[in-house]
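Here the protein sequences line up with chains A, B, C and D, keeping their order. Here the first sequence stands for residues 1 to 444, numbered as in the numbering used here. Here the second sequence stands for residues 1 to 444, numbered as in the numbering used here. Here the third sequence stands for residues 1 to 444, numbered as in the numbering used here. Here the fourth sequence stands for residues 1 to 444, numbered as in the numbering used here.
Calculated directly from the structure, the hints in this document are not laboratory data. A portion of the hints provided could be inaccurate.
[To be verified] According to the in silico footprint, chain A covers these stretches of chain B (three or more CB under 8 Å from chain A):
1. 76-86
2. 101-111
3. 202-215
4. 380-392
[Unchecked claim] Derived DSSO-like pairs: lysine-lysine, alpha-carbon spacing no greater than 27 Å straight-line:
5. B:Lys-386 to A:Lys-386
6. C:Lys-88 to B:Lys-88
7. D:Lys-204 to D:Lys-118
8. A:Lys-204 to A:Lys-118
9. B:Lys-386 to B:Lys-88
10. C:Lys-204 to C:Lys-56
11. A:Lys-56 to A:Lys-204
12. D:Lys-56 to D:Lys-386
13. B:Lys-386 to A:Lys-204
14. C:Lys-56 to C:Lys-386
15. B:Lys-56 to B:Lys-118
16. C:Lys-204 to D:Lys-204
17. C:Lys-56 to C:Lys-118
18. D:Lys-204 to D:Lys-56
19. B:Lys-204 to B:Lys-56
20. A:Lys-386 to A:Lys-118
21. A:Lys-204 to B:Lys-204
22. D:Lys-88 to A:Lys-88
23. D:Lys-88 to C:Lys-204
24. C:Lys-386 to D:Lys-386
[Unchecked claim] Simulated restraints on C-beta separations:
25. C:Pro-85 to B:Ala-21: 51 to 57 Å
26. A:Ile-162 to D:Pro-65: 45 to 51 Å
27. D:Val-71 to A:Pro-443: 42 to 48 Å
28. A:Gly-191 to B:Pro-273: 40 to 46 Å
29. D:Ala-34 to B:Ile-154: 53 to 59 Å
30. A:Ile-162 to B:Phe-196: 50 to 56 Å
31. A:Ile-162 to D:Ala-263: 49 to 55 Å
From a predicted model like this one, the values you see are computed outputs, not experimental measurements. Just so you know, even glycine gets a beta-carbon here, dropped at the ideal spot from N, CA and C.
4 protein chains.
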Amino acid sequence: MSESVLQLYQQTRDQSVSFCAPLEREDYSLQAEAFVSPPKWHLAHTTWFFETFLLKIFDRNYVTPNDCYEVLFNSYYNGIGEQFPRPKRGLLSRPTVAQVLDYRLHVDRAMAALLADKSHPERDAIAARTILGVEHERQHQELFFTDIKYSLAINPMAPTYIDVPNIDDTQTAPPAWQHYAGGLQEMGFSGSNFCFDNELPRHKSYVAAFELCDRLVTNAEYQQFIDDGGYQRPELWLADGWATVQTEAWRAPLYWLSDDENATEYTLHGPRPRHAATPVTHVSGYEADAYARWANARLPTEFEWELAAADAAAADAAAADAAAADAAAADAAAADGKEAFSGNSGGVDTGYYHPRPAATGTGLKQLYGDCWQWTQSAYGPYPGYKPSPGAIGEYNGKFMSNQWVLRGGSCVSKAQQVRPSYRNFFYPQDRWQFSGIRLARDPG
Amino acid sequence: MSESVLQLYQQTRDQSVSFCAPLEREDYSLQAEAFVSPPKWHLAHTTWFFETFLLKIFDRNYVTPNDCYEVLFNSYYNGIGEQFPRPKRGLLSRPTVAQVLDYRLHVDRAMAALLADKSHPERDAIAARTILGVEHERQHQELFFTDIKYSLAINPMAPTYIDVPNIDDTQTAPPAWQHYAGGLQEMGFSGSNFCFDNELPRHKSYVAAFELCDRLVTNAEYQQFIDDGGYQRPELWLADGWATVQTEAWRAPLYWLSDDENATEYTLHGPRPRHAATPVTHVSGYEADAYARWANARLPTEFEWELAAADAAAADAAAADAAAADAAAADAAAADGKEAFSGNSGGVDTGYYHPRPAATGTGLKQLYGDCWQWTQSAYGPYPGYKPSPGAIGEYNGKFMSNQWVLRGGSCVSKAQQVRPSYRNFFYPQDRWQFSGIRLARDPG
Amino acid sequence: MSESVLQLYQQTRDQSVSFCAPLEREDYSLQAEAFVSPPKWHLAHTTWFFETFLLKIFDRNYVTPNDCYEVLFNSYYNGIGEQFPRPKRGLLSRPTVAQVLDYRLHVDRAMAALLADKSHPERDAIAARTILGVEHERQHQELFFTDIKYSLAINPMAPTYIDVPNIDDTQTAPPAWQHYAGGLQEMGFSGSNFCFDNELPRHKSYVAAFELCDRLVTNAEYQQFIDDGGYQRPELWLADGWATVQTEAWRAPLYWLSDDENATEYTLHGPRPRHAATPVTHVSGYEADAYARWANARLPTEFEWELAAADAAAADAAAADAAAADAAAADAAAADGKEAFSGNSGGVDTGYYHPRPAATGTGLKQLYGDCWQWTQSAYGPYPGYKPSPGAIGEYNGKFMSNQWVLRGGSCVSKAQQVRPSYRNFFYPQDRWQFSGIRLARDPG
Amino acid sequence: MSESVLQLYQQTRDQSVSFCAPLEREDYSLQAEAFVSPPKWHLAHTTWFFETFLLKIFDRNYVTPNDCYEVLFNSYYNGIGEQFPRPKRGLLSRPTVAQVLDYRLHVDRAMAALLADKSHPERDAIAARTILGVEHERQHQELFFTDIKYSLAINPMAPTYIDVPNIDDTQTAPPAWQHYAGGLQEMGFSGSNFCFDNELPRHKSYVAAFELCDRLVTNAEYQQFIDDGGYQRPELWLADGWATVQTEAWRAPLYWLSDDENATEYTLHGPRPRHAATPVTHVSGYEADAYARWANARLPTEFEWELAAADAAAADAAAADAAAADAAAADAAAADGKEAFSGNSGGVDTGYYHPRPAATGTGLKQLYGDCWQWTQSAYGPYPGYKPSPGAIGEYNGKFMSNQWVLRGGSCVSKAQQVRPSYRNFFYPQDRWQFSGIRLARDPG
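Okay, chain A solo, but in the shape it has when bound (with noise of 0.2 Å):
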């Protein structure tokens, strides 16, 4: 097995790299805001958490190249030690990229040594920390866009972080509902691939009878909203919603370029047309849950989408028996031993980093490869949940407060990286990340 975990981490290590090759030099240190973290910094710290979390526990002979890294790298681990204040990462000339290109390097040789290492007596351990390392790096490669994206974009001079050519304007059908039965379910990840921490144990959760839109809400529904005063009737808004409204003067969502006759949003491909039929994204909780109310919807619970993701999940699966599966899609799969979705013709390995009109047909379309969809549920704990011991349990389980829940993917995320009980988080008022909406109603 470890012969693939050393070529997954590989993979995963060069693509976080080359993800970089388009900036220059001058944007690998920026951070717009203190939720952002600069390129840099994400390459930093991927690799801190193999230094951390492999190398230092695992191979005796380990020598960390800067003892500086330990605090610098550290995100949010207490049980590591202290950390470099959040908001100032992008004031850390030092160590240069050239410093941390060899900072990685450093530590994929020893990795791959440590993964060569068959008479290990941790061998398991050390595969199963490796892939969560993987998937971990996985995370912040998606990060690295949406944070790329926010500090690009403050720059009046408007930098286009890598140029494609423009997507047809298709058209997209109407939405139409898709009825599920609920009942007492099962609810988290069950199966022998990986998964986080939060999304065990598999439990018991009874969801009454709902519906679910079958595709994303588009910019041209979102623009209706808009035009019969969405953003100036509270009566829309959770309280906490209307609140930042005010505080944050939002009349539309992040990318839109205000006073804009062309109507157009800020994307990694620079200033380009709002597409009628391209889901509307980067909308906080909030946005998502008034449109929503607006809409004479609501937003879906979290276990609402992930019954209906399984339910689409198990018709691929069966159709995927009758039928030779893609070879591309087999090849990832054999590499990380895990399967592609269903619905998840877009993301990030498209190259195109936006998402695109729904395809026409029946089912659900848009589950993964578009936007994340907001779900009215509050992060928590399933019952039991135990987070792992030591400071890797810092991973998941500390932030189940006041973050909400969003289901699927986006343009950005990796297609082995997503999964029906994927339980992604942010804040209600986060907006930065590729978030759209998919509406929920009650059965009439």
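Take the given structure of chain A and dock chains B, C and D to it, following the hints.
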């Protein structure tokens, strides 16, 4: 029915004024922080509620004594219009106390006439809305106590709201765990009496087996947590909680007097010894959660709490059938159209405004009359929840984000005000309510 | 001498209480911003001043009624000890108004005995310190007016401190320039009466020839500045002033009511028409400076102002020698041991607490009784300045940075309180004093 | 004359770039606080200055390389238009360093052509404005050093700007007092060379006799102030200074490393021992004032300082007439059209970017080349001061409030840049300049 509604109305209105009797006139304007309101404002706002949601709607001849009051005493009803800024309520020296009491009299007379009008075509709606206003005023009576406590406490002269004899430092029994089998259960209010809209609809929910501690955590137990470095150990805390501990420099519950050789705490009866057996109170949700983690336990979900409380109520009802109910309770129940619940020997009518040690004996103790009990449940809508139409719908629904549910009741709650399905809610950082800790755990 | 000191003491003390007579008891605690103090606090602090700097030093039998008062009513004397936080003075509901009046009585009795003790070895020091305390209390009487105006003004009910007949909108003459030759001059207080330490030592200063406007800038003139885009043109403003305009969104003087078709301003006599000829008041130093630049003039230096005022006083003295002094002024002068100054027909004893249009006639007008006049001089020590030893030395000296000197006096100053050498000082952004504009310019 | 202006221009422009040579490219964007600017921004803004105030005015064929630069690199000239927000200058990853260097080249070529155009009708104005631009760039060179020092210092890796040999901890002589008779004096710049508008007009001022310390306060002397409780004794401080000490938790000068057994301070040459004889530097005006009070002295006024410095310059000139001037200084003077001043053996051209102990011998020492010296004078206009018309008039005049004057020059000032009448100004709380303390006192 309206006679008893009128009686209930008048009793409640009178009690608000009599709760203020021990104050100096200077105290009526006190607002030590934005989150508390001055006594005078509570007296006026509860009056505004009846004026706005009853008299202005159902009494076409009603004339307000001052047009300014509509804005000054609107708390948060955007549907009614603008509101005077909450943090500045303490700066409203005018209207004076005398003018506010006149305002109360003016509204009370109009309400008495309205309730006496047997031919009013909206008679049932008026009665129902009046009961809502009464419950609303009871909530503000409770806030009156917690707010004036907060505002008096910042005065170095340590003023006493009212002096009472000290309570015996009775021993309390060691905590015992009550076991509950859980299963697919019905949750939410049922019955014909009053409940708030957030207790509805009654719905199915699956609850795994759990155990609940039979009494609240005591001062002595919480002191052990402190002595064990509870406020210095990040691994015990949620991330947002730990950040708050740092920002606010928390080292003990809100009113524990620091540098305190004699272990006193500020109470509405002045500084008093912190009795070992008294429930710890004025802790935030974060502190409750950290304490529970330290104690190898957890906070209950609101569903676990409700299940256990409903169980206790059913047992009481069975016992009551077999015996004559206490005369005073019966009277109150008659006036109120509902009954007081098990374990509620405390509460505001005792005149002792501080939690007391648990009684001995078996069964769940301290459910209602001592401290509200933090749950781990984020405050959200029940499946199928619909707020009331119009501005009155802002009462509960718009607060369903970022807050945590507390269950039970406190030493300043009215016995007739609480029930198993009652959902109180505050931000997890809030400490000025009489909030305490009841532990839960998974069966071993 | 002590009889007249005692008389002066008692008159001053009585006047502080009688100035509060129009208030409701609820008004005594008002503190709308940190920079104002509640009436009750002024009453207590001035009492504390006599207690701290006289009774505790010179009366060995003196016992304070409450040890808490030492901290509660200490304004800023670090040499005495800790101070209750200034922004929270409005939260001290206790001591009550009645208790503060008792405190005043307690101190007044002890002071009367001390002043009557003809055998006290420190009799002269006691008299001198008592006069300082009287002048201190007069300053707080003036602050009482400006503070309560600020605190009442934020109430949407627009309470009136006291009602008086409106004043005629008299015409005022066009401004005329007075010419002064300057030269090497003596500055600072001279004579045997009271002055503050910051008016000393008298010293030489060279002043170039200058011209001073004979009256203050009027509302009508200031309106022209506004109409000419004064608040939108950065070139008229000091950099810190322009930043303040943006941050505070200033568009007019402090109490000009906005959205105001009828051109009213809030006064201590309630909202009143803004008369064209009335001096503009409640402008910051930044606004005064910007106005002057717009008018092709400048603010005077404090030395120019003093020179001109001394000139006017000398002319008055000469005239007075030739004529019988006004009887009332003579009485006041007798009580005070000093005389009132030229141009001071206004001031607090008129009972009209707002500036009035300039009289016609030649010579400098409106020197003292209408608005304090911003100078361009930063408040600093005179050459050779030495503050008094001990805590009393904190009275003036420690504020000699970042503030600007204002000269003259206002409609709420006492005639006996002002003189050519008197230096008032506030931050250039302060607007809640009765501060106005007198222009200066270099000879053409 | 224009040949020498061109030469001066080119030398200055080259020096700005060469000062950046020791940096990593990542350092060019560093902005650790809003009050410092990134090196790249200094390089661009000084270029913008020539573009805006020369090329766009005097060269009708000039084309800017990028229209965005007008806003991005405008510092504070409202007369030119909008400015990119100062606190976000560090977030401008674009234009890159390479692009900014191209911008410099672009402007330098156009400037060379403009200065070479002997037939230009505005040839004199161009030369004068170019010299202003050169002096402006020299000020930014100095800010470059103090800003990058501040920004590098926050990095736990303690990066060194450039390494140099340590300087001997030479002994310094005890301080001696120089006596000055004062009198009615002329102040302000006189002569035909360049000066800033704020040094004019030359005017009369009366200065009483005073004494000035012949050298700056040393680290060892300042340590005594600290050891004597200087930072804990409010009686030593101005009120605003004491408030700042509390808010900022100051306990030592800015770069003294705390918890420091070895008594080191952060310098542009890395952490170094705090030599006893080295002048204390990076103290605020408040600290300088408090130290002076502790030492039974005071800060000089700016007029006292200028008088003494003019005196020293006159003595030097007399000596120079009698001897051959130093060749290197003569060269610099030739290039600059002006001469270097007495006591200025330090300064940026020595390549040692830290103050050095005073030389022994008689007379005023350390006037220019070590630390700027706080005066007690608030920065204001001289009598008759007129700023230049147009946007260039914003250079100095609009800052004449709330700042204090510093006189002299520092270890990162250029020798040709300073003179007796030069007025530097910063807020009294500012500490990131090389600011030190020279004491004054009144004759005994």
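What are the numbers of the hints the structure violates, in ascending order? Violated hints (numbers, rising): 2, 5, 7, 8, 9, 10, 11, 18, 19, 20, 23, 24, 25, 26, 27, 28 and 29; every other hint is consistent with the structure.
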